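Using the sequences and the accompanying hints, generate a full structural model.
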Amino acid sequence: MSSRAAQVVGPVALALLFAAGIVLAASWLIAFPESVLIAAWLVASAALVAVAVTTGIESRSQGYGPVRTIGRMISNLGRFILAFF
1 MSSRAAQVVG PVALALLFAA GIVLAASWLI AFPESVLIAA WLVASAALVA
51 VAVTTGIESR SQGYGPVRTI GRMISNLGRF ILAFF
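Quick note on our numbering: the sequence shown kicks off at 1 and runs consecutively.
For the record, the hints were derived by calculation from the structure and aren't laboratory data.
Remember, it's a predicted structure, so these values are computed and weren't measured experimentally.
Each hint should be verified, as a subset may be incorrect.
What follows is a list of derived Cβ distance ranges for each label pair [claimed, not checked]: (1) 31 - 65: 47 to 55 Å; (2) 81 - 57: 29 to 37 Å; (3) 10 - 31: 27 to 35 Å; (4) 53 - 28: 25 to 33 Å; (5) 11 - 39: 12 to 20 Å; (6) 63 - 34: 41 to 49 Å; (7) 82 - 46: 17 to 25 Å; (8) 57 - 32: 30 to 38 Å; (9) 83 - 37: 14 to 22 Å; (10) 70 - 33: 34 to 42 Å; (11) 53 - 12: 15 to 23 Å.
Glycine included, each C-beta is placed from N, C-alpha and C at the ideal position.
Written out as structure tokens, the structure reads:
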């Protein structure tokens, strides 16, 4: 990925994640269409996968073993869930 593409994808992904968080938080009070809620959950799920994959790649490249990598993945996923919800 070129640096220009990375400069665009990062903020767009962050804005999508921010919007999904607002939709999911407001869904308790506002009756959103089902398609909007499904899209918000898909964005949140994609972010969870991205956190797990990037943690795994980073941990393995730093020389951590498989068990330690799984532990770091679980830790980072927990942090993400607490921050997102």
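A quick look at each hint next to the structure:
| no. | hint | verdict |
| --- | --- | --- |
| 1 | 31 - 65: 47 to 55 Å | holds (48 Å) |
| 2 | 81 - 57: 29 to 37 Å | violated (20 Å) |
| 3 | 10 - 31: 27 to 35 Å | holds (32 Å) |
| 4 | 53 - 28: 25 to 33 Å | holds (30 Å) |
| 5 | 11 - 39: 12 to 20 Å | holds (19 Å) |
| 6 | 63 - 34: 41 to 49 Å | holds (46 Å) |
| 7 | 82 - 46: 17 to 25 Å | holds (18 Å) |
| 8 | 57 - 32: 30 to 38 Å | holds (34 Å) |
| 9 | 83 - 37: 14 to 22 Å | holds (20 Å) |
| 10 | 70 - 33: 34 to 42 Å | holds (38 Å) |
| 11 | 53 - 12: 15 to 23 Å | holds (18 Å) |
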